[in-house]
Amino acid sequence: MTLQTQLVLRSLLEEPSKERYGLELCELVGLPSGTIYPILARLERVGWVDSAWEDPAVHEEARRPRRRFYWLNRDGAERALAALAGAHQPRRQPKLDWGIAQPNAGGAQA
Amino acid sequence: MSAAQPREQMDALLKAFRAAHPMEDIELIECAYTVAAYAHRGQTRKSGDPFISHPIAVAMIVTELGMAPDIVCAALLHDTVDYDATHAFTLAQLREEFGEKIAALVEGVSELDRIGHGHAEEKLRHVEAALKLNTDSVSMLQSPEVVVLVLKLADRLHNMRTMRYLPSGRQQLKSRETLRVHAPLAGLLGMKPIQRELEDLASSIIYPCFDQRPQTVPERALAAVAVLLPSAARARWLQEWAGELSVLPTRRARARFALQMLRGIPRLAVVLRQRTPHRDAPRPMNTIVDQIVGFLAIGAAFVAAATRWEPLAWTAGAMALGGLILLSAVLFARSDDPARRLRKLIRTSLARPCFYHSLHSATTQQTGSDLNWN
Numbered sequence: 544m545t546l547q548t549q550l551v552l553r554s555l556l557e558e559p560s561k562e563r564y565g566l567e568l569c570e571l572v573g574l575p576s577g578t579i580y581p582i583l584a585r586l587e588r589v590g591w592v593d594s595a596w597e598d599p600a601v602h603e604e605a606r607r608p609r610r611r612f613y614w615l616n617r618d619g620a621e622r623a624l625a626a627l628a629g630a631h632q633p634r635r636q637p638k639l640d641w642g643i644a645q646p647n648a649g650g651a652q653a
Numbered sequence: 046m047s048a049a050q051p052r053e054q055m056d057a058l059l060k061a062f063r064a065a066h067p068m069e070d071i072e073l074i075e076c077a078y079t080v081a082a083y084a085h086r087g088q089t090r091k092s093g094d095p096f097i098s099h100p101i102a103v104a105m106i107v108t109e110l111g112m113a114p115d116i117v118c119a120a121l122l123h124d125t126v127d128y129d130a131t132h133a134f135t136l137a138q139l140r141e142e143f144g145e146k147i148a149a150l151v152e153g154v155s156e157l158d159r160i161g162h163g164h165a166e167e168k169l170r171h172v173e174a175a176l177k178l179n180t181d182s183v184s185m186l187q188s189p190e191v192v193v194l195v196l197k198l199a200d201r202l203h204n205m206r207t208m209r210y211l212p213s214g215r216q217q218l219k220s221r222e223t224l225r226v227h228a229p230l231a232g233l234l235g236m237k238p239i240q241r242e243l244e245d246l247a248s249s250i251i252y253p254c255f256d257q258r259p260q261t262v263p264e265r266a267l268a269a270v271a272v273l274l275p276s277a278a279r280a281r282w283l284q285e286w287a288g289e290l291s292v293l294p295t296r297r298a299r300a301r302f303a304l305q306m307l308r309g310i311p312r313l314a315v316v317l318r319q320r321t322p323h324r325d326a327p328r329p330m331n332t333i334v335d336q337i338v339g340f341l342a343i344g345a346a347f348v349a350a351a352t353r354w355e356p357l358a359w360t361a362g363a364m365a366l367g368g369l370i371l372l373s374a375v376l377f378a379r380s381d382d383p384a385r386r387l388r389k390l391i392r393t394s395l396a397r398p399c400f401y402h403s404l405h406s407a408t409t410q411q412t413g414s415d416l417n418w419n
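Top to bottom, those sequences are chains Z and V.
For the first sequence, counting from 1, position 104 maps to 647 in my numbering; every step adds exactly one.
For the second sequence, counting from 1, position 306 maps to 351 in my numbering; every step adds exactly one.
Watch out, some of these pointers could steer you wrong.
Stated by the list, open to error - To be clear about the criterion: a stretch of chain Z counts as covered by chain V if any three or more of its residues have a C-beta under 8 Å from a C-beta of chain V, and this derived list gives those stretches: (1) 553 to 559; (2) 562 to 568; (3) 573 to 582; (4) 595 to 601.
Rather than coming from a laboratory, the hints here were simulated on the basis of the structure.
Heads up, the beta-carbon is just placed ideally off N, CA and C, and yes, glycines get one too.
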């Protein structure tokens, strides 16, 4: 799981019953929209997150287009907690994997 | 939707039912059809079709959901106790003919119809709350109250599919109710495809103008790149983003949202096109290819959004889009091989400059010797 996904899950878990829309999550997590929506879509595809359109009465009263709300379902909340617990160890510095041959790699081990 | 004769429609239903339940007896279903056809004889729908086509269609939806034979029967009979029917049966008659369970289901559905919209909604909300509390108990999902809801949703789905024959005021009313009550309920019951279809049908009636040309530059740019998304999902996401864009206060904020989103769309397209999503932890993607596609998407969108008919700009746009399509092809391919080959290509072209290579080997040598010293 990527760090961004973890951040999104954490902020969804803060108030699991609260329904949030995409822009709200962008601000809450502090990640750009282009990162948040694919994560939400993936979480929805794997069945952790559910989504629905806003009630027409609410957004018409506020005179704006409707929003799509997202929330963690029960199953998703449990799985997210488990996954976050598993991912809690500090991550190693990611290695630059350009696969460039390291001529002296053998010598280092000797 | 029309054209098919009731008998042909019924044969299709029986065929689908046999495919789903090869061992089950279809006699009861035939019997339910006969009773329903008698009850609705001479009655027509707004579309001009014989009324019986509606219960058969509802039964078809229920069959496609893999429901048991008695529920399919209840679907066929769901309007027979209605006072509108040519020959309305009483519940006692149904109970005698089809047994307690089917009669109770028919009663439940017609009760939801009868108690009026406000009350029905209240009742649905009540069950919804109960479901939210224990979504994972299977017994709950097989309880008669929930089966009644499934029947009601199937009924609503077919009504929404054939809605264009109603006066437009009623279309609006029903669509709003569908978006507010039925679609979320379908989602709650785990019937995602039905939720989506209900949402799409209702949205296309409430927001008929949405599919028209996007107005602002950010919307145009998003719409241009959204071509990458699966066509079924495109409208939903564009509408969602149009909503977010409209609440952003400044032009700068809108531009930033759109630009960031443009980079994200290719990634979103990959997510939506993945065939079998894992139920466990979501996987990260190939980041290098992802980045390149993102930047190309921005380039293509810029050109697509900013130009009218200048040939030069169109050529540039076409080149960017062409590159984008090529890279997407790599991303959407089922095997990892093309992506790996592309990565290898990038790797070799980056490894070629000697200075980088020598620098790299020098540092490794350095650390290597350090290690030896220790």
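Numbers of the earlier hints that this structure fails to satisfy, in rising order: 1
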